[in-house]
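Read top to bottom, the protein sequences are chains R and P. Residues 1 to 405 in UniProt numbering are what the first sequence spells out, letter by letter. Residues 1 to 405 in UniProt numbering are what the second sequence spells out, letter by letter.
If you're looking for bench data, these hints aren't it; they were derived computationally from the structure. Worth double-checking, as some hints may not be accurate.
As the list claims (entries may be wrong) - Which stretches of chain R does chain P cover? Using the computed rule of at least three CB atoms under 8 Å from a CB of chain P, they are: (1) 29-37; (2) 225-238.
Claimed, not checked - Here are some of the chain P residues that sit facing chain R, going by a computed Cβ distance under 10 Å: (3) 125; (4) 156; (5) 174; (6) 181; (7) 182; (8) 209; (9) 210; (10) 241; (11) 248; (12) 251; (13) 329; (14) 330; (15) 403.
All C-beta atoms, glycine included, are put in the ideal place defined by N, C-alpha and C.
Number of protein chains: 2
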Amino acid sequence: MTGAEPGLMPSQVLSANRPDCDFPLNNLPYGVFSDDRGPRCGVAIGDRILDLAACEAQGLLDAGGTFAAPRMNDFIARGPDAWAAARARLTALLSPDGPRDLPLVAMAGARLHLPIRVEGFTDFYASRHHAFNVGCLFRGPDNALPPQWDHMPIGYNGRASSVVVSGTPVHRPMGQVAGPAGPEWTASRRLDLELELGAIVGAATALGTRITVDQAEDMIFGHVLLNDWSARDIQAWEYQPLGPFQGKAFATTISPWIVTRAALEPFRRVGAARTVDPMPHLRDSRPGFHDLAMGWTLNGQVMARVNYAVMHWSQAQALAHHASSGCPMNVGDLLGSGTISGPTPDQTGALLEMTRNGQQPVTVNGQPRTFLQDGDEVGLFAHAQGAGYRVGFGPCTGRVMPALP
Amino acid sequence: MTGAEPGLMPSQVLSANRPDCDFPLNNLPYGVFSDDRGPRCGVAIGDRILDLAACEAQGLLDAGGTFAAPRMNDFIARGPDAWAAARARLTALLSPDGPRDLPLVAMAGARLHLPIRVEGFTDFYASRHHAFNVGCLFRGPDNALPPQWDHMPIGYNGRASSVVVSGTPVHRPMGQVAGPAGPEWTASRRLDLELELGAIVGAATALGTRITVDQAEDMIFGHVLLNDWSARDIQAWEYQPLGPFQGKAFATTISPWIVTRAALEPFRRVGAARTVDPMPHLRDSRPGFHDLAMGWTLNGQVMARVNYAVMHWSQAQALAHHASSGCPMNVGDLLGSGTISGPTPDQTGALLEMTRNGQQPVTVNGQPRTFLQDGDEVGLFAHAQGAGYRVGFGPCTGRVMPALP
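Given only the sequences and the hints, what does the whole structure look like? Please build it.
Below is the structure:
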């Protein structure tokens, strides 16, 4: 694939040709949808979804029947050659010269589902700004960054079972928190979001196998937006010495559309400058990041804007490190980038940083605010800007519901 | 179920009636095996395996066809009534009065497989002795136990993809470790084992649902032995602040036979005395532990013996805590107890504790030893002792292989 930015590729679906549309022909993100019929795979084009199961049934393309499944895993497991062939075929079908009788469904009338069966969820900590900001809050500026931070992409295993699709209500969790008279059992009082990019692993590795960063890059099928909801008070009480657990296990929201690595290839770029040369197993030969304008909203108000390329460790480096012990990776593994934050408060991907752990309230719709309240709706957004078009992710939203008794 | 210890229940399989046999009729542990035909479910009886797929095909019992699967998950998902019905039927079939033409396979000629598809792997830290011993090594006796230790079963998400069955070779992992001149990329020099009991979750909970400890108890299908292999030098460099990652991701070995909760019910007992009254969501109404004589061997030499009831937090309490944030639990989730250690070195479940982090070598086959060497074979064992019989787990072994280049 070339890094040249091709300009808008026009589609026969005219809504895809608008400069502010997240889903032009250049994008072709995959997802799972249902309408009067059950969940099956589709691709977003403008304000429509191309029914890939119907396309296969009509002989318009061939993916071995995998598009009829209610998850993308079976298609993804077919491998990079199949990904490239499907993209080329879909590009032809949806071009102005493509057939006119395509099985297109109005996105507005469809329900979007979790696009993959999440085999494993691992979250990293790859923004140096985020790691430093949070480290200062809890350990002070002299000990903000752990000594290994510049030498490896620090990560931890999350909980795959609580990964949900955009739009799923998120109930405030109950849990143990530190109190003045000892621990309390309470609804979290410090509910937060985390703006992240997720990588979906598209190839498996065997037990005992290591991979290079370049091999890891080729194993990534695509990306989603990811909100790693966090209960800071539960997390603070539980996380030493074995890491976050119930403070992050109640929900992780991802966007319904998987933007493929192929679609983002023209927007590849280098990340933050390094002060330490990576060890050999973490060295890469091409820019590991993408020029993505990202941010998040609270009840419709934009709270922060940041570029993904502010990150220090790429998702390919994270994947190579994940496999470095010989840990098997699977198709459908989801890797979170960790909170994406820049140096200033208006570039931070979490209220923990933005409000300095609640000490400096921000203003939301005219009211002072520290952490999330019941009824709040959080939205993540991201797109790569081309000349007269964009490759976008669509919405990744979640509304906070009261704790369940 | 009654807590009364029934004495040996004789079987028509005479090898099951020996007092030192791990698999009498009282036990009936489930597993997955293959011979000249492919993997299917079976139950261990003496030195034989009853082919449950064949039993179903012959109309000897009915489990909805789930015993023909290469994993136990489908049967387990049928629920507690199905578990009880199958156990009653198997008890009748294998009794001296049962049919003589049962499809029995010699265990010696069968290959044993991973008995479940591991949906999620979570490891806890439920031995107060282990937590204190390890805490003293890394943080000193004054800060050995984290402040929340007595208030919750501390746990972390492990990596499900590297759970392997007994007998699978374990390659020494490569990884980053701290060195005198900064971090090094090396084969681990401090490879260790962890003696644990695993619990297999047999019922699912929905997102946002909490459960009581008594409900959690009823959700546990059975138990396995679990060796949570650990590279202490990789772990020490990586684990702050987000917990263990590649230092434990390379392999976790479990025993091939799932000893059901029903089989262990007569051996139920209370655990270690508590100094802190658990919060309501962690309170139980019945003894949460079992009288299990456990231990581990290195190259055939018994290194430690300990009783499981030395533990502080039960696996039902761990499960209730795991779901306490609303985290969904799934059939096939595997929960590790954490290292099972008593107060003295000859009761410790890891070399880290036994050798005081390598400072006090132990003698193995006449040679001083700190951590595991290539070629070492580690074996875990456990059984509940009845009057003239035992309910055992069979072997859980793994041999250390050299690091892969």
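Verification of the supplied hints:
Using a Cβ-Cβ cut-off of 8 Å, 0 residues of the segment 29-37 of chain R lie near chain P, which falls short of the minimum of three, so the contact claim is violated. With 4 residues carrying a beta carbon less than 8 Å from a beta carbon of chain P, the segment 225-238 of chain R meets the three-residue requirement, and the given coverage holds. Evaluation of the residue 125 of chain P hint against chain R yields a held restraint, the C-beta minimum of about 6 Å falling below 10 Å. Annotation: residue 156 of chain P was flagged as interfacial toward chain R, and the flag holds, the nearest CB pair being 4 Å apart, inside 10 Å.
Because the beta carbon of residue 174 of chain P sits about 7 Å from the nearest beta carbon in chain R, less than 10 Å, this interface hint is met. For residue 181 of chain P, the shortest C-beta to C-beta distance to chain R is roughly 13 Å, which exceeds 10 Å, and the interface hint is violated. Taken as an interface hint, residue 182 of chain P checks out: its beta carbon lies about 8 Å from the nearest beta carbon of chain R, inside 10 Å. Using the Cβ-Cβ criterion of 10 Å, the hint placing residue 209 of chain P at the interface with chain R is satisfied: the shortest such distance is roughly 8 Å.
Interface hint status for residue 210 of chain P: upheld, as the beta-carbon distance to the closest one in chain R is roughly 7 Å, under 10 Å. Checking residue 241 of chain P against chain R by beta carbon gives a least distance of about 6 Å; that is within 10 Å, so the hint holds. The interface hint given for residue 248 of chain P is met, as the beta carbon of that residue sits about 8 Å from the closest beta carbon of chain R, less than 10 Å. Taking 10 Å as the C-beta contact cut-off toward chain R, the hint placing residue 251 of chain P at the interface holds, the least distance being around 7 Å.
Interface hint status for residue 329 of chain P: upheld, as the beta-carbon distance to the closest one in chain R is roughly 7 Å, under 10 Å. Interface hint at residue 330 of chain P: satisfied, since its Cβ lies 6 Å from the closest Cβ of chain R, which is below the 10 Å cut-off. Interface hint at residue 403 of chain P: satisfied, since its Cβ lies 9 Å from the closest Cβ of chain R, which is below the 10 Å cut-off.
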